[in-house]
Structure formats: C-alpha cells, structure tokens
Amino acid sequence: MTTAAPTPTATPVAASVPLLQVDDLVKHFPVRSGIVFKHTIGSVKAVDGVSFAIRRGRTFAVVGESGCGKSTAARAILRLLEPTSGSVRFEGEEVTTAGPTRMRQLRREMQMIFQDPYASLNPRMTVRTILSEPFKIHDLPEKGRVDELLALVGLSPEHARRYPHEFSGGQRQRVGIARALALDPKLVICDEPVSALDVSIRAQVLNLLEDLQDQLGLTYLFIAHDLSVVRHIADEVAVMYLGSIVEVADRDELFEQASHPYTQALISSVPVPDPIRERSRQRILVTGDPPSPVNPPSGCRFRTRCPKFANELSEDERRRCVDERPALVVRDGSAGHPAACHYAEARQLV
Amino acid sequence: MSADGQAPDPGPLLSVEDLRVHFHTDAGVVKAVDGVSWSVGRGETLGIVGESGSGKSVSALAVMGLVPVPPGKFESGRILFGGRDLLTTGEKELRAIRGKEISMIFQDPLTSLNPVFKIGHQIAEVIQAHEKVGRVAARRRAVELLGEVGIPNPAQRAREYPHQFSGGMRQRAMIAMALALDPAVLLADEPTTALDVTVQAQIMDLLLRLQAQRGTAVVLITHDLGLVAGHADRVVVMYAGRVAETAGVDDLYYRPRHAYTLGLLSSLARLDRRRTDRLQPIVGQPPSMIRVPAGCAFHPRCPFATDVCHQERPLLAAQSEAGVDHRAACHHADEVARAPAAVAAP
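Sequences listed follow chains S and W, in order. Numbered by my numbering, the letters in the first sequence go through residues 1 to 350 in order. Numbered by my numbering, the letters in the second sequence go through residues 351 to 696 in order.
I should point out that these hints are in silico values taken from the structure, not numbers from a laboratory. Honestly, I wouldn't trust all of these hints.
[Claimed, not checked] One-sided excerpt, in silico: chain S residues whose CB lies under 8 Å from chain W:
(1) D198
(2) F255
(3) S269
[Stated by the list, open to error] Coverage of chain W stretches by chain S, computed from C-beta distances (three or more under 8 Å per stretch; other residues unrestricted):
(4) 542-549
(5) 593-603
For every residue, glycine included, the Cβ atom is placed at its ideal position computed from N, Cα and C.
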C-alpha cells in the first residue's frame, strides 16, 4: 500500500499518535436568498467546533439525534464535504490541505459504510462489479480479491453474480462492508450501519464488524443514534447536540455517570427490554424539538430544552447558561470526563 | 397501563379471530396473516411485535378495512367489534366506525397528512365527517385538540401546513386527529419509529396520558422490544404471518416459551448493562413470505429444532404451568423455558 508520491509528513508514526485527530472542525452551509441576486443571509452551523481523537484499533462512537451534525462531521472528515475550517489529521498528516492526488491515496485508508444498503449499492451492477470497482479506480490488481472479500464478510463466491436486489437487507449490508474493506483501509467510518436492519439481523452485522476489527486491526468511527448499539460496540462515546460535542467519555463511564443533562435525557429516553425495570425507571423528559442550527440559542445551546435549566437552576445560575457557552472540559461534578455544562452533575440512570 | 403489568379488564372490546389474509401475486401466494387471533380490552395496551414482513401490521389494516381486495383475500376469520363482524359490515356502516370508534396512526406522519391542506382544516374535516357540527365549531375543537397534545400556540399552528411542522409535531397532530372523536380503540402502527428518542419519549408519554384519561384500548404495533416492555400489558409476537407467542408482558420477557422470542430477546444490544460478550444473533434470515418453511416456520433458524419441527406445524398451545393466558406455538416450549433467560427477572 506504499506509494511513490511524496508524503508531507515523513515522521514515523508512533503508537501514541492517534490514528485520527480532529481539531475544531467546522462545517457551515450558507443559507441563500434572492431570486436574481443571490446573497447569503446566514448559515446552518451543522458542525460547529468538534474535536476528538481516535486511537488505533479502537471504536469511537458519535451519538446524537437527527440534525445534530454527526453525519456531516463524518463526511467533512473524509472531505466528501469540504470543511469550513479546522484540522483533520490522519496518522499525523493534515487531511484538509492534501492535494487531489494525495487525497485519493488517503481515501484508500479511510473508507465508509453507509446506513442504507439499498441506496448505496448500484442496482445495475452485479456484486462482482461493485466489489472490483475500487481496484479499477485505484489501478490495483484485483485477481481473486472479490472472492476473498465475499468470504471475509460471510458470503459465498456464487453471490458475486447476483444483483443487489436479490439480497436481503443484512446481506446487502455485508456487500457494503466488503466494498469498504476492498482496499485494506485503516479507518472505517460506519454511518448508522445497522439502523436499517431487522432486529434479528442487527446482531449478526455487529458481530461481523467486531470480528473484522480483530482480524484486520481496523479502527472505527461509529456514527449512530441507537444508544444500546453504541453501549455494546464502542470503546469511547461522544454525544453531539446541535453541532457540538456536549460530553465524551469511556463507554461504561458515559452510561453510568452521565453528567450533561442532554446525555441524561437521551439515556433515560431509550426504552429497555425489561418490563419491571422500564416501569420503575426515572425518566428525564426534555420538552420541544431541537432549535434551528441557523439561529442557535446564545450561551448553552441546550438550555432551551434543558430540564435542569427549567426546573433546578436559580435565576442567577440560569444567566450564566444564557450568556456563556460552556466549554467541553472536565468539571467538578462530571466524574472525571469532559462535559459541556456549567452545572454538570453525574447521575446513574441505567 | 396498570402497575402490575397485567390486563386491567378481561372483557375484549375488539377481537380478531383466526384471521387469514392472503395476497395473490405473480410470484405466488403471500400469506401475510395466516390464522392470527388477538383481542384488546378497554384501557388496555396490546403490543404486537415482529420484524418487517412478519405480518404485524396487516391485521390492524384489516380492522380498518384498508387491505386492498384484490390482490388481498380474506380466507377466513372474523373481526368482532361492538357485536358486529367488521369483515362483513358494509362500507357505509364501516365508515361510521372507522375514525370514530376505531382510529389508527401510522409510522410516517408526513405521508398520512395531506400536504395541501392546513393542519387545523384536516382535523376539523375528521370531526365534520362524523358529527353534525358547524365549520367554526369543528375548527375550534381542532385547536383545542392541538393544545391537548402539547402543541404550543395551537391557534396559530392550526393555520399552518404539514411541512411547517417538525416530525414530532406532525405525529402530535396525527394523534390529535386520531383522538378527535374519542375512539374506543387506537391502532398505533410504529408511531414513534421515525422520531428521535427524546421525542419518542414525549410522544409515548402523551399517548399514555391520553389513554389513561379516556380509557382507550391501544394496539401498539412495533419492532421495538424496549417500547413494548414499557408500555404493553399483553404482547403478541409474530413470525412469518403467524402468532409465535402471546403472554402478559412480564411472562413474555422473563419466561419466554417460544424459541423465537428467546432468540430475539437474547440478540439485543443492551443499554442497561455492561457488555459481557459478543451478541448472540439469530442465525439466517426471516423467510420469504412466498416460501414459508413447512412445519414450524422458524425451524431453519432455531437452535432447538428437531425432526418434529420440520414436519409438524406447532399449535398455539396454552402453557399450563405458566401464567393465565400464555400461549406459545413451539414444540420445545419446555426446553426454551429451561434455557438461560435473556432478561433476568428481578
């Protein structure tokens, strides 16, 4: 996989350097108005200053509800969407300023699995064509690789002759995974890889992803809205709300000592398949819908829906939420991990 | 829902008996529902659980008279409501029941609302279709209902179009419409699947409150075993167009007696506990509804399957030692009961 092209950073990659380091990543979409003379009247702050690092061989999950910017962040990292500002470093090398040739090489190392295996596979191509395309694009020999890839994801060589519509959802997602792995990537971004699948199939695909990680030493950036899946598969979890990370921690710490009111609301909103526990659980309900990312609230962005802001804080305490945007730092009440809440207070909810 | 998880009132309000709905297609006969029975009583919540293609929505559609005939065909069965069989009731009488006595909410509120009419107008239309009230009175009632389901500024929102509403607000509007005439039965088909979890929690909380106030019987159709655990009194688990198991919610989760129920519960990733090991998936895939396996439809995926499962279709038999109304269609119910529990009883 080594290439002749000059690499901007020739430093050997120490084990301590994270595989992926994202710093203050911003992606704004302009909002335009006018019929003849278009002019920008504002911007959707889809991703507004996101930073995190993923170590080799680990699974880092980003969770959040629709519109929080988690998928946009993933696409900005791969430069499928050009980031507005910020830095993305892959093995220490800056990705956001890489030229087209270098970017092409980098894309081999960073691949993506999409949510909807129905929409992400070309219906007119056989599985063989789909899986040999990456090799053609990058001008690499593919002899025998398609069969290997099929075996890797638990499909048989006969499947290569079929078209996507002949497969079930779970099998189709396996084809999507095989395509992502075709060029031996180091980082795989999984964007809601099991959300479209039936309950009994989900576990199969999650196990496959874990096996592949062990076998190939993959690093995952796992984008999801399903917290149960995240608790199972992730090593570390970041919670996003309206374009920013509000809390980040190791998996069990996040679920057992959630410190940001939004994380607490999310966790307490997810139903668990245990009737007696479900009936006795403490629910923290948030009110209303997320505000528009075009015009986010001042100060803390969650304050308009925050149950703590509404029910527990004094007038003076609230002023701080309105005036000052809380930074993502370790706080007195946040159980040792960063939380972007002035009044962070760890709670056990499950 | 009652505190102990058992049905509050045994007298069924709506019952479906031995319903068979088959679709005749070019590829073959799809037995979408093949001998399904369930019932729901006043103030009770019945959960119908199944994966896509299991036929979990079809019996509810049949109740509403929404199964297209042809290609659909009712091979057998009765749907009893208020002493009448809805399957033999004429369209005119059915129309008086549908929307007024029994109403339904769907997964995707955007496709269930008409994009070119204002929300308030659409709710008023439902009221006017069933009651002799004037336009102004119907509008006023629509605004009240929007307020009741927690929509802020209801008078103003009533004058807006569906696209101006967020997903959660649309589902609230759908609930307002479904409850406009105070129906006895509400069929909720994946009512929160398209919504975010925090909004799902709000909507379920709302449904629960309205149900408690009005004593509505709710049929909650979903694939989400968590949602059912928290909201149903009794549960029907469907597989390949048939009922695999039915029981009170606690019995079903803590003492399942069908291999499919046990498999489903064991395969779930859990939010509420630390991971111990890999997930235990159910092998294979749900069958094509055109070629449902002979014998027990679940046998190709079942770890308990023996010869009898290949040949003999198991009956939905009462599980004597278990709770009052616990039935399972499994030849190996006793072995399933002895297997390690997926959800430990507290």
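Starting from the hint list further up, note which numbers the structure goes against and sort them upward. none
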